[in-house]
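Novice: As a plain string of letters, each chain reads:
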Amino acid sequence: MKLSKRIVAAFAALAVAGVAYASDAYTARHEAMEKVGGGMGTLSAMAKKETPFDAAVVQATAKTMEAELKKAAAQFLPDTAGGKSRAKAEIWTNRADFDAMMQKTAEALVALQGVKDEAALMPALRAAGGSCRTCHDKYRLPE
Amino acid sequence: MTRARRALAALATLGVAGAAAFLLLTRPASLAEGAVPANHVADLRNGEVMYHAGSCAACHRAAEGGPGAERGLPAGGFAFPTPVGNFYPQNLTPDPETGLGRWSERDFVAAMTLGVSPAGRHYFPAFPYAAYRSMTKADLLDLFAYLRSLPAVKAPARPHELPLLAVAQRGVGLWKRLALGDAPWSPPPGRSPSWTRGAYLTNAPGHCGECHTPKDWAMVADESRHMAGGPHPAGEGKVPSLRGLLAAKKYKDVADLALALSAGEELGYENLSSGGMAAIQQNLARLPDSDLQAIAEYLLSLE
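For the protein sequence lines, the chains are A and B, in the order given. Note that our numbering gives residue 1185 to position 109 of the first sequence, counting from 1, and the numbers run on in steps of one. Note that our numbering gives residue 726 to position 134 of the second sequence, counting from 1, and the numbers run on in steps of one.
Worth double-checking, as some hints may not be accurate.
[To be verified] Pairs of lysine-lysine residues, derived as DSS-like cross-links and limited to a Cα-Cα distance of at most 25 Å, are as follows: (1) A:K1214 - A:K1164; (2) A:K1214 - B:K842; (3) A:K1160 - A:K1214; (4) A:K1125 - A:K1214; (5) A:K1111 - A:K1139; (6) A:K1139 - A:K1124; (7) A:K1111 - A:K1160; (8) B:K842 - A:K1125; (9) A:K1214 - A:K1146; (10) A:K1111 - B:K841; (11) A:K1160 - B:K842; (12) A:K1146 - A:K1111; (13) A:K1124 - B:K830; (14) A:K1125 - A:K1139; (15) B:K844 - B:K830; (16) B:K830 - A:K1164; (17) A:K1125 - B:K844; (18) A:K1111 - A:K1124; (19) B:K844 - A:K1111; (20) A:K1111 - B:K746; (21) A:K1125 - B:K841; (22) A:K1214 - A:K1147; (23) A:K1146 - A:K1125; (24) A:K1147 - A:K1164; (25) B:K844 - A:K1124; (26) B:K830 - A:K1214; (27) A:K1147 - A:K1111; (28) A:K1160 - A:K1146; (29) A:K1160 - B:K830; (30) A:K1111 - A:K1164; (31) A:K1160 - B:K844; (32) A:K1111 - B:K830; (33) B:K842 - A:K1124.
Just so you know, the hints here were simulated from the structure itself, not pulled from any lab data. Keep in mind the model is a prediction, meaning the values are calculated, not measured.
Using the sequences and the accompanying hints, generate a full structural model.
Specialist: This is how it looks when you write it as structure tokens:
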């Protein structure tokens, strides 16, 4: 290959890698967030008494939600907004605030894992769900 | 006169006539005599319902850490972003210098129904008076009495950050001829009391169409696509349609949607959080349950 061709090829590879990097990060956090949302669905059905209360299910579901939320949090890599992503650019200009919200939500999910009786489920779930809302209000674009 | 001079003179005359027509067409309106009923006995409870139904606090909330913020008072200072720049909706508490303390009932009704300030300036339509003008006079006066019952907060208004402010301001007069030309909205007759209540809360104080009804070329709500969703007015992303929510299986029934409006994402209703909807939902959460049921009944009737 001529030098100029090689340079062009190198640039093209870099560009493709860049796109792949952004879309991998997006796909990974999107899938993780969907799982967090799925857990929320299971637990709100229980809180609304559509399904019977089961402390073991609450604990396991909230634990998975915590793990998936942390996975999602790790995928907000720089320069991965845009395209299909609903992430707002402000995430990367207010990173400390965004990370603090992730942390606070993870703590609420830990508290949810400790729910032992039916009466405690509703308030613990609403506290966790309210902190998802705070972040989606500030840092997620409408679809 | 040479030809060129004559042409110039003609143009100048046209310019003056055009400017005069512009000024005439864009002149701020004023309220008719008797438009505000005298001796209204205010119902503060109803005023509070209107305050939450109208989500006044969503836009007029205090800046983070600013005066009034810790008590959740509508002291203004929080930025309301639009594609033309940031607005800073003013202080609605009854402070005489920086709030509505010196306003009369008439001033308030003129602001809410004509979009005109006590000094005769056009308010920008980012203040959703195109919807609020359909509120009943009794509800407006109760709302005003409720605002006057709040603790006064001293919080001078921050100037809006809009390029071309002065030109745009007068241009609002032209927009009003298109947007406020028809009679205010009123509920169609012959429906159940709760459907009618829901339609009123949604379309008048609720101003839900400000985001959920798409706008035409002149930025006027396209009522042929009432609540059909469209581009988000702040510029990024879309606003979902509120038509056919049952057919799309988004909500099971009226009770389900009423719960969604009251709890939002706290109970996993995940589509009520972004693009400004979270603040609306949290204001709606403070309405009596019967009003939430009414709004849900109305929305689910939109096919």
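Novice: Please go over all the hints and tell whether each is borne out by the structure.
Specialist: Do the hints match the structure? See the list:
Between K1214 of chain A and K1164 of chain A the alpha-carbon distance is near 8 Å, which keeps this suggested pair within the 25 Å criterion. Taking the CA atoms of K1214 of chain A and K842 of chain B, the gap is near 24 Å; set against the 25 Å cutoff, the hint holds. With a CA separation close to 18 Å, the supplied pair K1160 of chain A and K1214 of chain A stays within the 25 Å bound. Using a Cα cut-off of 25 Å, the hinted pair K1125 of chain A and K1214 of chain A is violated, with the two alpha carbons roughly 31 Å apart.
Distance hint between K1111 of chain A and K1139 of chain A is fulfilled; the C-alpha atoms sit about 12 Å from each other, no more than 25 Å. At most 25 Å may separate the alpha-carbon atoms for a hinted pair to count; K1139 of chain A and K1124 of chain A meet this at roughly 20 Å. For the hint linking K1111 of chain A to K1160 of chain A, the alpha-carbon distance of about 18 Å falls within 25 Å, and the restraint holds. For the hint pairing K842 of chain B with K1125 of chain A, the CA-to-CA distance comes to about 19 Å; that is within 25 Å, so the pair holds.
The hinted pair formed by K1214 of chain A and K1146 of chain A meets the criterion: a straight-line CA distance of about 19 Å does not exceed 25 Å. For the suggested pair K1111 of chain A and K841 of chain B, the alpha carbons sit about 20 Å apart, so the restraint of at most 25 Å is met. Between K1160 of chain A and K842 of chain B the alpha-carbon distance is near 22 Å, which keeps this suggested pair within the 25 Å criterion. Between K1146 of chain A and K1111 of chain A, the direct Cα distance comes to roughly 12 Å. Compliance with the 25 Å bound is thereby established for this hinted pair.
A hinted pair counts as satisfied when its Cα atoms are at most 25 Å apart, and K1124 of chain A with K830 of chain B does not qualify at roughly 30 Å. Our distance criterion of 25 Å between C-alpha atoms is met by K1125 of chain A and K1139 of chain A, whose separation comes to about 21 Å. For the hint linking K844 of chain B to K830 of chain B, the alpha-carbon distance of about 24 Å falls within 25 Å, and the restraint holds. For the given pair, K830 of chain B sits about 14 Å from K1164 of chain A by alpha-carbon distance, which is consistent with the 25 Å threshold.
For the proposed pair K1125 of chain A and K844 of chain B, the alpha carbon gap of about 15 Å is at most 25 Å, so the pair holds. The straight-line distance between the Cα atoms of K1111 of chain A and K1124 of chain A is roughly 20 Å, inside the 25 Å bound, and the hint therefore holds. Restraint check: the Cα-Cα separation between K844 of chain B and K1111 of chain A comes to about 22 Å, which is no more than 25 Å; the hinted pair holds. Proximity of K1111 of chain A to K746 of chain B is assessed by CA-CA distance (about 46 Å); at most 25 Å being required, the pair is judged violated.
Proposed proximity of K1125 of chain A and K841 of chain B is supported: the alpha carbons are some 20 Å apart, at most 25 Å. Note on K1214 of chain A and K1147 of chain A: the hinted pairing holds, with a Cα-Cα distance of about 20 Å set against a maximum of 25 Å. With a C-alpha separation of about 28 Å, the suggested pairing of K1146 of chain A with K1125 of chain A is violated against the 25 Å cut-off. A hinted pair counts as satisfied when its Cα atoms are at most 25 Å apart, and K1147 of chain A with K1164 of chain A qualifies at roughly 18 Å.
Between K844 of chain B and K1124 of chain A, the direct Cα distance comes to roughly 13 Å. Compliance with the 25 Å bound is thereby established for this hinted pair. For the proposed pair K830 of chain B and K1214 of chain A, the alpha carbon gap of about 16 Å is at most 25 Å, so the pair holds. Proposed proximity of K1147 of chain A and K1111 of chain A is supported: the alpha carbons are some 11 Å apart, at most 25 Å. For the suggested pair K1160 of chain A and K1146 of chain A, the alpha carbons sit about 21 Å apart, so the restraint of at most 25 Å is met.
Distance restraint check for K1160 of chain A and K830 of chain B: the Cα-Cα separation of roughly 13 Å lies within the 25 Å cut-off, and the hinted pair is therefore satisfied. Annotation: proposed proximity of K1111 of chain A to K1164 of chain A holds, straight-line Cα distance about 21 Å (limit 25 Å). About 29 Å separates the Cα atoms of K1160 of chain A and K844 of chain B, which puts this hinted pair outside 25 Å; it is violated. With a C-alpha separation of about 23 Å, the suggested pairing of K1111 of chain A with K830 of chain B holds against the 25 Å cut-off.
Simply put, K842 of chain B and K1124 of chain A have alpha-carbon atoms about 17 Å apart, close enough for the 25 Å limit, and the pair holds.
Of the numbered hints listed earlier, those contradicted by the structure are 4, 13, 20, 23, 31.
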